[in-house]
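Trainee: Now for the letters of each chain:
2 protein chains.
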Amino acid sequence: MEGGLLNEKIKEYKQLLENTLRSSVQNLDAPSSLKEAMAYSLEAGGKRIRPMLVFAAMDAFGKNPAHGVTTAAAIEMVHTYSLIHDDLPSMDNDDLRRGKPTNHKVFGEAMAILAGDALLTHSFELIGTIPDEHAGADKKIKLVTGLAKAAGASGMVGGQAADMEGEDKELTLAELESIHLNKTGRLLEFSVLAGSILSGADQEKLTILSRFAYHLGLAFQIRDDILDVEGDELALGKRVGSDTANHKSTYPRLLTLEGAKQALDHHITMAREQLGLTGLNTSFLLEITEMVATRNS
Amino acid sequence: MEGGLLNEKIKEYKQLLENTLRSSVQNLDAPSSLKEAMAYSLEAGGKRIRPMLVFAAMDAFGKNPAHGVTTAAAIEMVHTYSLIHDDLPSMDNDDLRRGKPTNHKVFGEAMAILAGDALLTHSFELIGTIPDEHAGADKKIKLVTGLAKAAGASGMVGGQAADMEGEDKELTLAELESIHLNKTGRLLEFSVLAGSILSGADQEKLTILSRFAYHLGLAFQIRDDILDVEGDELALGKRVGSDTANHKSTYPRLLTLEGAKQALDHHITMAREQLGLTGLNTSFLLEITEMVATRNS
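Sequence lines, in order, name chains U and P.
Numbered by our numbering, the letters in the first sequence go through residues 1 to 297 in order.
Numbered by our numbering, the letters in the second sequence go through residues 298 to 594 in order.
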């Protein structure tokens, strides 16, 4: 796909996603205070990298990405719930997220916990609403299982628990990578796989795309760590230097800033290489890979 | 089924459930601290009324209740996660649950939040693991959707949010019932419906059993409120009188203690009546109804 046209498409899918996120909370038969708290964090913006990966994977298989919007919204809800809970005073105790006060700062701790719980729960309900012509029950159950594994104790939540335990400890590079692969990598991977499952991908393609997502996930985290050292607070919408202040193990700390940049390059190169092996038209996936490598926020 | 035999069966299913709960956490590839926190609350016992309702509904349809154990375990995980989060300092701030220190008292707030998140997430993963011969993909998706609706913003989490908003307010009986139907009723109802869905129940039976669960759920909550007035602290494993101390709207407060007991009788009678309308062998469901009416803990 040609660059300008691709950017138009990305804007279009992003708009479709925002509408789906908004309406699926609006349509809930629930207390308005709870819906408000859910919508606040859900509509706080961001690049929507996970939904974009769903769309881009479907695009690579020649499918209509718009048919992935429900799955993309479900994944973004899981991501958003994890941010709300991670920001809580007993967890990372963050006051700002994407330049806005964090959920518990606006709605109080109890409501923030409930808003997170509700978003997580609703993600699974959403998958059940995918029209049968876009995914039969077999595919839906694969999506439910995949999302739960990526998000749960053996994935994202487990990564967060391990991250907490690792605070104030000197981690090895292997330990650090293992934490990040669970904490952020698994949900990024699932986004790619979800789009592929919706497209009816075979096991061989799933394996290659899973390796792509592995490198993309590590690149994503390394870029995150680099931004915490040399990023722009205004663009990031949060304070920089917090990792250092919190004595967190990071790539720049373990590898030096220069070493971290080399590791980033390495994983981006590897991610691109995997895409080349798929034999698919991966221009949309490549665009997201670029975005991850060079993002400033 | 004859009384003694039924009690033997109930013990057997309870044991099966406990084993399933234990092994499904043990088998997780997750940090041991997280697994420990999950198992702590999951294995804290209780009557397991929700799992029993799954088993009893299957028994009524002449199916093997043992085939419902995965679904029963999933529902109990959702119930347990809700207790962990409800007990948190920013929510009900409870120190004791079933006679043991609450999860955050033992593992800290952050880990308690994560343990709850992981249990909720794992419940959906579990449903995906039901053997195909016990439930095809269509039934599994019905279970996922039903569980998410019962547990989420339009069900349990919504009820908890409404309950928080209603604190220190004088609620009408209708408002109080609406809160309880969401906060505890929906998951009890889903337990009955899940066993029925697994048994291939038709819409007519589902409607009657849903009405049964409606009355059972209200009876359950009224009994809870009565126990907070005249229950035994040792049997309950928690302090009594906390509702009064917290100025919570309760049935005894709105109806007097005598009026609450009459309301309990009414809903138990109505629940029994619905069971009679099913034309099924409901001795197991009747046994649970008795248990709800007379429980001391």
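Derived by calculation from the structure, the hints in this document are not laboratory data.
Remember, it's a predicted structure, so these values are computed and weren't measured experimentally.
C-beta: ideal position from N, C-alpha, C; glycine also.
Possibly wrong hints are sitting among the right ones.
Unchecked claim - Just a few of them, taken from the derived set where beta-carbon distance is under 10 Å, the chain P residues facing chain U: (1) MET335; (2) PRO398; (3) HIS401; (4) VAL403; (5) ILE410; (6) LEU411; (7) GLY413; (8) ASP414; (9) GLY433; (10) LYS439; (11) ILE523.
Trainee: Against this structure, judge whether each hint is valid.
Mentor: Now for the hints, and whether the structure bears them out:
no., hint, verdict
1, MET335, "holds, 7 Å"
2, PRO398, "violated, 17 Å"
3, HIS401, "holds, 8 Å"
4, VAL403, "violated, 14 Å"
5, ILE410, "holds, 6 Å"
6, LEU411, "holds, 5 Å"
7, GLY413, "holds, 8 Å"
8, ASP414, "holds, 5 Å"
9, GLY433, "holds, 7 Å"
10, LYS439, "holds, 8 Å"
11, ILE523, "violated, 27 Å"
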